[in-house]
Amino acid sequence: MSITADTLIDDPGLKEAEAAHERARRKLAWRRRLLPVAGILSMLLLWWFLVYILEVPPFVAPSPVAVATTLVAKWPILMENLVPTAIEALAGFTLGNIVAIIIATVFVHRKMMEEAFFPVVVLINTIPVVAKAPILVLLLGNGMEPKIAIAALICFFPTLVNMVRGLESVNPQAMELMRVLSASEREIFFKLRLRNSLPYLFSALKIAASTAVIGAIVGEWIGSTTGIGALIIQSMYNFDSAMLYATVIVGSAFSVAFFGAIIAVERLVVRWQPANPV
Amino acid sequence: MRFVTDRRTVTALRDVSMGVEAGGFLSLLGPSGCGKSTLLRVVADLVTPSAGHVSVFGMAPAAARAARTLGFVFQDAALLPWRTALQNVELPLEVGGTRDLQRGAPTPRELLKLVGLEGWENSYPHELSGGMRQRVSIARALLGGPRLLLMDEPFGALDEITRDRLNEELRRVWQETGTTILFVTHSVYEAVYLGEQVLVLAANPGRNAAHVSVDLPRDRDLTIRETPAFTSIVSGLRDALGRGH
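The listed protein sequences derive, respectively, from chains A and B. Mapping of the first sequence onto the working numbering: position 223 corresponds to residue 223, and the numbering continues sequentially without gaps. Mapping of the second sequence onto the working numbering: position 210 corresponds to residue 210, and the numbering continues sequentially without gaps.
Hints may be right or wrong, so weigh each one.
Now the in silico label distances, taken between C-beta atoms and shown as ranges [as the list claims (entries may be wrong)]:
(1) A:Thr94 / B:Glu110: 44 to 54 Å
(2) B:Glu21 / A:Val265: 51 to 61 Å
(3) A:Val270 / B:Ser17: 40 to 50 Å
(4) A:Lys27 / B:Ala66: 25 to 35 Å
Computed list of lysine to any residue pairs in SDA-like fashion (alpha-carbon distance at most 25 Å, straight line) [claimed, not checked]:
(5) A:Lys111 / B:Thr48
(6) A:Lys74 / A:Trp272
(7) A:Lys27 / A:Glu16
(8) A:Lys15 / B:Pro81
(9) A:Lys206 / A:Gln173
(10) A:Lys74 / A:Tyr52
(11) A:Lys132 / A:Ser235
(12) B:Lys113 / B:Glu169
(13) A:Lys206 / A:Val130
(14) A:Lys132 / A:Val122
(15) A:Lys111 / A:Phe190
(16) A:Lys15 / B:Glu127
(17) A:Lys206 / A:Ser235
(18) A:Lys206 / B:Val47
(19) A:Lys206 / A:Met112
(20) A:Lys111 / B:Val47
(21) B:Lys113 / B:Val95
(22) A:Lys206 / A:Lys15
(23) A:Lys15 / B:Ser123
(24) A:Lys206 / A:Val121
(25) A:Lys206 / A:Lys74
(26) B:Lys113 / A:Val256
(27) A:Lys111 / A:Ile188
(28) A:Lys111 / B:Gly96
(29) A:Lys74 / A:Leu90
(30) A:Lys206 / A:Leu95
(31) A:Lys111 / B:Asp45
Treat the hints as calculated values from the structure; they're not laboratory data. Quick caveat: nothing in here was measured; it's all calculated off a predicted structure. All C-beta atoms in this analysis are idealised placements derived from N, C-alpha and C, irrespective of residue type, glycine included.
Please model the entire structure based on the sequences and the hints provided.
What follows is the structure, encoded as structure tokens:
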């Protein structure tokens, strides 16, 4: 074959076509950035307008302006309470995902374990978080431990399911190739299965990033004095709707940042396109 | 060779016998379901026959596999998508007990050049065309100089133009490397153009239907397909395939 990457670059209209393509690409990139901002701004405006027109009392729902003022005024308290929640969410995320990856690895190599214990995992997953929380508080006390456990439990299931799928769904011919090459189970795991599972793992991690924060907050609802969850409960009992909304915004913002961090890592790690798009 | 399933027991191959001399090129031709892929997998020790005997240069298939006597090219190129073309060709050096290439043996780069992919070493599989991916997979199978190359409909998923070109190149690679090739196909033209021998299999259960020597010159190009000699071999094989039903 004589076609190489170099010989393709010899076309008079090429520069202009590439420039046009680049312009179109930039325009699209800006559109993708601006439209969500416009969407959010319009909803804020609608919210403010409704509160103003319907004369909603401040203990029912605050205006966006009141929320913004509270966000600024109570910033130190909000940040102080974000710290424990963030620690719980991150610790739970790490713990839950590591355990899920280890168990998925065991399941893939020992089918009997999967058949015996997967139903147990499904059963535990069917218990709602709000029901798991009191059980864990009784078991683990009032500190950070039950919150971490809840966050871990909530991350565990999607990662386990996706990871098992990712480790198992290798191209059957690639498996045959490994056998022809007399590869060991260990080599098959590290050279084939683990790499193959990464796109699946990251889709689970993206779900886990936001659910871990939810888990930590729900954990704090039950017997906690600090954290975003505790702040939510307190502001509700005080009819301090502006504080409630500000707390929720801080919690969500943290989730979004966490989610964004996972996407950034995914872009660094998964640089290929899947052979068989799922 | 039998497969027992819940619903029934399938006899995939019965009384099949074949042989290919060292340095030969045998095409295995037959309809879908005649067990030609199974036969190839028996030779590669990917499936164990329920009865029968296979010898690969005097070794049992398992021993031949362990000694890296075999190269296997699949219908799907089976490249690892996270590895570049070069890294895919290097895979055999990294698994199954890491081993160094014998001195003088072609390096991964040289093999990529042999299959016409010089300059594409650092491309990822999704950046390559189907034909190029299959070339990479052939280079990978050739690494370490296997004495027997097993090819399971490697060009079956390619368009005809690419397929023709790769057929020509495979003849050249075969002549340059001197490796023995077992080539499974369901294209009569491909079987005759490539093979020195053609074994026709019939289906249900898979069994020998005919064994034909291809009396064509060693140096062939695709124009040979228009010659009367070629056409008469082809029609002979078509008869054999028809009788198999």
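Do the hints match the structure? See the list:
1. A:Thr94 / B:Glu110: 44 to 54 Å: Holds - the Cβ-Cβ distance for Thr94 of chain A and Glu110 of chain B, about 46 Å, lies within 44 to 54 Å.
2. B:Glu21 / A:Val265: 51 to 61 Å: Taking Cβ atoms as reference, Glu21 of chain B and Val265 of chain A lie about 55 Å apart, which means the hint holds.
3. A:Val270 / B:Ser17: 40 to 50 Å: holds (49 Å)
4. A:Lys27 / B:Ala66: 25 to 35 Å: violated (59 Å)
5. A:Lys111 / B:Thr48: The given pair, whose Cα atoms are some 22 Å apart, holds under the 25 Å limit.
6. A:Lys74 / A:Trp272: This hinted pair is violated, its Cα atoms lying about 45 Å apart.
7. A:Lys27 / A:Glu16: holds (16 Å)
8. A:Lys15 / B:Pro81: violated (31 Å)
9. A:Lys206 / A:Gln173: With Cα atoms ~30 Å apart, Lys206 of chain A and Gln173 of chain A exceed 25 Å; violated.
10. A:Lys74 / A:Tyr52: holds (23 Å)
11. A:Lys132 / A:Ser235: Holds: Lys132 of chain A and Ser235 of chain A sit about 24 Å apart, inside 25 Å.
12. B:Lys113 / B:Glu169: holds (12 Å)
13. A:Lys206 / A:Val130: Answer holds: Lys206 of chain A to Val130 of chain A is near 22 Å, not above 25 Å.
14. A:Lys132 / A:Val122: Holds, at about 14 Å.
15. A:Lys111 / A:Phe190: holds (19 Å)
16. A:Lys15 / B:Glu127: The hint holds at about 22 Å.
17. A:Lys206 / A:Ser235: The hint is violated at about 30 Å.
18. A:Lys206 / B:Val47: violated (40 Å)
19. A:Lys206 / A:Met112: violated (29 Å)
20. A:Lys111 / B:Val47: holds (21 Å)
21. B:Lys113 / B:Val95: holds (23 Å)
22. A:Lys206 / A:Lys15: violated (39 Å)
23. A:Lys15 / B:Ser123: holds (24 Å)
24. A:Lys206 / A:Val121: holds (20 Å)
25. A:Lys206 / A:Lys74: Violated, because 30 Å separates the two Cα atoms, which is more than 25 Å.
26. B:Lys113 / A:Val256: With a Cα-Cα distance of about 48 Å, the restraint between Lys113 of chain B and Val256 of chain A is violated, given a limit of 25 Å.
27. A:Lys111 / A:Ile188: It holds: about 16 Å lies between the C-alpha atoms, which stays within 25 Å.
28. A:Lys111 / B:Gly96: holds (24 Å)
29. A:Lys74 / A:Leu90: holds (24 Å)
30. A:Lys206 / A:Leu95: holds (15 Å)
31. A:Lys111 / B:Asp45: Holds, because 23 Å separates the two Cα atoms, which is no more than 25 Å.
Violated hints, listed in ascending order, are 4, 6, 8, 9, 17, 18, 19, 22, 25 and 26; each of the other numbered hints is respected by the structure.
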